[in-house]
Structure formats: C-alpha cells, structure tokens
Amino acid sequence: MTDFLKNTLGLSPAVADALVVFIAVNILVAFVAGSAIFFIWLERKVCGRIQDRLGPTRVGGKFGWLQTIADGIKLLVKEDLIPGDADQMLFRLGPYIAFCGAFMAFIALPFADGWVAKPLSIGVFFMLAVMSTEVFGIILAGYGSGSKWALFGGMREAAQMVSYEVPMALCVLVPVIVAGSMDLNYVAKQQDWLWNWYVFHDPFTFVAFWTYFCCATAQCKRAPFDLAEAESELVAGFHTEYSGLRWSFFFMAEYGAMFAVSGIAVNLFLGGWNIGFLPNWIQAHMGIFANLLGVVVFVLKAWLLVFVMMWVRWTLPRLRIDQVMMTCLKYLLPISCALLLGVGLWQALMPVIVGRIFSIVLCALSVAALGWLVYTLLTTFTKLPSGGVPNLWTPTGSARRDLAKT
Amino acid sequence: MDSPYSLLFWPLAALIAVSAIAMVVTQNIVRAATWLLFTLAGVAGIFFLLGADFVGATQLLVYVGGTLVLVVFGVMLTAQGPFISMKIGAGEWAIAATVGIGFFSVLAYALINFNLEIPSTPTQATAPAPSLTDPQQAAAKPPRSLAPSIVLGTALLGFESATPVEPLTGVQNVPASLVSPGVPNATPSGLPRPPRLRTRMAYLLPFEIVSVHLLVVLIGAAYLARSKRRRGVTP
Amino acid sequence: MTDSGWLQAYLLVGALLFVCGALCMATKRNAIGILMGVELVLNGATVNFVAFASFNPAFQIEGQIFALFVIVLAAAEAAVALAIVLNFYNNHTTVDVDTAEELKG
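Protein chains in written order, with the numbering used here: chain A, 223 to 628; chain B, 731 to 965; chain C, 121 to 225.
Just so you know, the hints here were simulated from the structure itself, not pulled from any lab data. These numbers were taken from a predicted model, which means no experiment stands behind them. In this text, a Cβ means the ideal position worked out from N, Cα and C, and glycines have one as well. There could be a bad hint or two in this list.
Unchecked claim - Residues from chain B that face chain C, not an exhaustive set, calculated with beta carbons under 10 angstroms:
id	residue
1	Y735
2	W740
3	P741
4	A809
Chain A with its partners taken away, still in its complex shape (with noise of 0.2 angstroms):
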C-alpha cells in the first residue's frame, strides 16, 4: 500500500507513510471494536442458552442483534462518576493502558499471508510483552480507586496475570522452536495442510496447544480464574468503581486481548489462514481473494477459540485465588517447562519419517473425533412431540418439562 501510495499519488515518502500507519490503525481499531460488540452479544446469548434461558431477544429483531448497541448508547449516557478518595489522575489513566495494552498486540498480528499491520521477526514476542503491559492498567485501577475491593481484586488480579505469563511464553515458544522463527507470518505459512498444523506435529505440541489455552484465559481473567472481578466475591474486583465509558474500555480490552490470544493459539498451533486443503491450489487461482479468504478462515478460527472460553466460563466454577496461583506454579509451568525440553529433543532426535507418521496419525484421529463428536451431538437431538425439530426458539430442558405439565 505504501508504494502505490508514494507512486501513483506522489505523494512525498514521509506523507505516505503516515497515511498508510493511519489507514492500518484505523482499520485495526474498527475491527477490535466491532469483535468486541459482536462478543459481547455473543457472550450473553451463549451464557443464556448454558443457563437453559434465552438471552438479548429483544433489541433489534428475534436474536437481539442490537442489544450491544443499546448496552453502548446506555453506557455513554451514564453519569461519569469517580469517588472522592480516588486518585484522579490514575483512576482515570488505568482503562487506557489497559486498552492500549490489549490493542497494540494486534499491529503484529497477521490476518492472512502477508497482511500484517507491520511484519516483525520478532512477532510472537513482541505480541507478549505489550500484553503485558496491561498489567500495570489493572493496578492503577485497583489503586486508584481508593476502595478496598478494588484494591484486592487489582492486586490478586496483577498477581495472576504476571504469574500465568510465564507458563504461556514458554508453551509459545514450543511451536516456534518447532518452526525456527517467531515471526507469526513464517509459523503459519509452514502449516499449510491439515497435518502440518503444529498442534498435530508432536504430542509436545499436541500437549503445549492445551496448556496455551489454559493459560491465556487465565491470562485474559476469564473464568475459571476470574476471582478477582467475581461478583459474589470481590463486587466487581479492580473495576468496581468504573462506571459508563471507562468500564467499558476495560471490557474492550478484555474482548480485545481474548482476540489476540486467540489469533497466537491459531496461528501458532491451528494453522493460521490455512482451511488445511489445497492451498497451492488456492494461492495459484483465486490471487486477491486467497488473502479474503484467509482473513475469514483466521476470524472464524479465532472467533471459535473465544467462543470456546466463553463456553468453559459459563460451565465451570470459579477456582480461589490460592488454587489459581498454585495451578500456574505447581501444575502449569512444570509442564510448559517439560513440554520446552520434549519438543526439542524431539527436533533433534527424532528421525523425519516417524514425526511425519504421527502428525498424520494424530490428524486422523482428532478429525475422526471431531466427526464422532459432531455426529453423537446431532443424533441425540429429540423430536419434539409435535413431531418438529427444535429450533433457537423452542425452550428445552426444564422449560420444556414445565410446559409439558400444562
């Protein structure tokens, strides 16, 4: 984009290259944003159904499309309220560097082959460390809000976030070693069909994808590990006294930095942009339309893995900040350390033949799983007594019982 700037408009070097870093921010914000209303929705419906209930069904048609719009219009009208003892200076700085935190992940996050807002070698690792500078927005938050609550939740929450960095940066660096770069773009290039993806390559890797995950929603203070803003707990943790715009800052941040751990776990271990079939097929005919296409393969990848957190948060109860540490210390980051060394003696030991034989071994079985899986669940669906299928509207499960008895 910068040379058709600077060559078709002519427009000097220093002009083009500010316009095209505009153009990328710009586009990133949007696309952060607008994940982030469509989770919101998402989270809810999702929630409802695990709860045997229904969701947003009101704002905007059937399914509540525009329940987020209307959370948003009811948050930016919201009296912008900061307690008296609170710090305002750092009360009101936390939000942003949360957000900045979570969103600056993104410029080395590639979307497809070659679009990446800036390529850096050092991709992986440098998606890392802005994120955790995120951190430091939760403690100004806990802090600054001269509550006690918040004070505790922002502390435990600090805790947990600088903790489960570690076993996640040494699960990371498993597919890298795998790939020998940690350029996001190279690692998932190499996972062009469905058995090289990374998380089939080794059971090292195979073992560090599960662990990765693990550790990135207690990362993002995703449940089970979100003690510090548990309502029944802590009020509402370090965000207790944020009301309005900035509470909802911290949540783009949340939604934000679930996306950007989503899209690592899929460009390092799913294989990125690749649907796992025929890719030189694809990159030889279909030109501009590959790198679309494999912008919404990544998106609907990543979009899986966060629904998949939402999924375990609305299943699975909350663990106390003493199992949550001692998970990280005890359990997980042993592992990552194993996993370290067993995927590098398995670079180094193993003959080629054997790790080709078991990616595409342990690629047929996950798929035959998957398909096992997908058939059991759409098999065990009950007919409904007057003989239709049920659909997103009917109650099922108890509701059902309920008006069966009528």
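The hints should help you fit chains B and C onto chain A, whose structure is shown.
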C-alpha cells in the same frame, strides 16, 4: 539515520524527559511508579526506533511487565496508609535542583564537544530483497542484512552471521520480515560469507551465568523476604 | 541532522535519564523510591549502549547483548533490593530511610 520514522524521536524524547522529571518531583510513590512506567515505555520506543526490536520487546516484557509490577507490589506491601507521602524540605529541593542541573550540564557539554567519529557505513538505502533461488542474482546484489533477532541468536551461539540462515523446514524464500536494512555487512567483495566462528567472544557463557544468577537471586530474595514479624510491634 | 547529531541526541536522552535517576536516589525518602531511581539510572545506561550499537556498525550486536544483560540483571537486582526493603519494613514498620540510622535490626 535516514529512516522516515526518525521524526518519532522527538515525541519519545519529550515523553521520557517529562516522565523522568515528573518522577523526581512527585511526592506520591504510586504516581512515581506511573511516571516510571511512561519512562520505561518511552525507552522501549527508543529501542524500537533504533532498530533493536528484540531489546525493546524484552524491555517491555521484563521491565514494565515484571520489575515495575514487582516495585508496585513492594509499595503496596509496605504502605502505611492511603496515599501517604514522605516530604522533603524546600532546602533539600533547592540543593537537588542545583546539583541536577549542574550534573546534566556537565554531561551535555561533554557529549556535545566530544568528537564522535562514526566509521563510514555503506548507504543504508532500502534495497528490494533478492530471492535466494536465483544464484546469479544473489551473487550480483550486495548480501542482505538480517533482522536483529537472528544476529543476536547467532552471536549468542558464537557464530558470525553473514548469510541468511536457512530455516529448519527448508523453505526457500526467507520472509521479508527476517530481512531488515540497517545491519551493514563488511564484506568487501559483496559475496555472502559462510558462517564462521567469531574471532571475538561468544556470549553463551555470560548467558548461562546470568541464568544461574537469576536462580540464586530467586532463592535469595525468597529467603530474605520471608515474614518474621516482631512480636508487639506498634505502628 | 547528521548521523553524529542523532547519536548525540540519543546520548543526551541517556544522560537525562541518568541524572534524573541519580536525583531520584538522592531526594526520595521512601526506600522504594530509591529503587526506582536505580531503575532509571540503568535505563539511561542501556539507552547509551543501544544508541552506540545502532550507530557504530562495529559495536552492532555487542550493544544489544549488553542491553539485554543489563535488563535481566536490573530485574534481578530489583528483586533482591525489594526483599531487603521488605525485611527492613518487617523490622521497623516503616520504609522511611531516614529512620535507618542504626546499624542493627
């Protein structure tokens, strides 16, 4: 430094200057930590601007995400009340300001009058990355320069990196982000050199020593900070 | 601006950080404030290293390796210093360094 982003130096330098001075001036310790955060973030930006992106990312990860959080935890653990501040007298402020300004002017004078002879480098104009698959093209163009992280890694192992390292899976095209202008290669003939052992030191031994050092520090700090409160302490 | 001019600008930033760190160490009464001053001093030195590394091709990678080691060792030193401060707090219930007048406890 002819990169188009070199104008970014001034905002970063302003951020660093304002934050560092604010950190000295402020009385509240948590605000001082916040100004330190901005200073460290500004320094990380300077590192990125100078092309040391690995060092910049390490600065963010270790300093901002680690050391600063540690410092703030220390502040919280040793706090004696909300927003307590320990003030120093006006006379001390005057002495501090005088000494500070004097010290800085001495350093600035020395820097500006110091005759810095920078060895002439080949022009760092951005050349398009030649493809490895064309041997004639590779031989004719000057050797590409590598991203700092690759140079760092090979230096740690003790090799002088002069050729692009082939990735493990044997992909022919090294991606564009692994190549960056700005690391000049001193080969006079313009042909790529095979990697050879450095005539100067390798950095693997200090790296291992630092790892052991960190382990010792971990154990020592955990021992030193164990809680053994005195009985009957009245604050 | 010439290359030499840019280098001097970066070195001035490093010098400013060093001076502010030294002032912070001298003027803060809170022990943790002194620790923050040490961090500033180390950052100033690191900026110097990386600036020279970037402008002098002979020092290219040594500067960055030095910077990495400085960052790691500064983190280690901050941990130990904080442990000492916590120990001091356990004994004196305050972190005001003006109370550290006796060589005991």
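Status of each hint after checking the structure:
1. Violation of the interface hint for B/Y735 is found here, the shortest Cβ-Cβ separation to chain C being roughly 12 angstroms, above the 10 angstroms cut-off.
2. Given hint, B/W740 at the interface with chain C, holds; its Cβ is 9 angstroms from that chain's nearest Cβ, closer than 10 angstroms.
3. Of the supplied interface hints, the one on B/P741 is violated, with its beta-carbon coming no nearer than about 12 angstroms to a beta-carbon of chain C, more than 10 angstroms.
4. The beta carbon of B/A809 comes within 9 angstroms of a beta carbon in chain C, closer than 10 angstroms, and the hint placing it at the interface holds.
The structure fails to meet hints 1, 3 from the earlier list, while all remaining hints are met.
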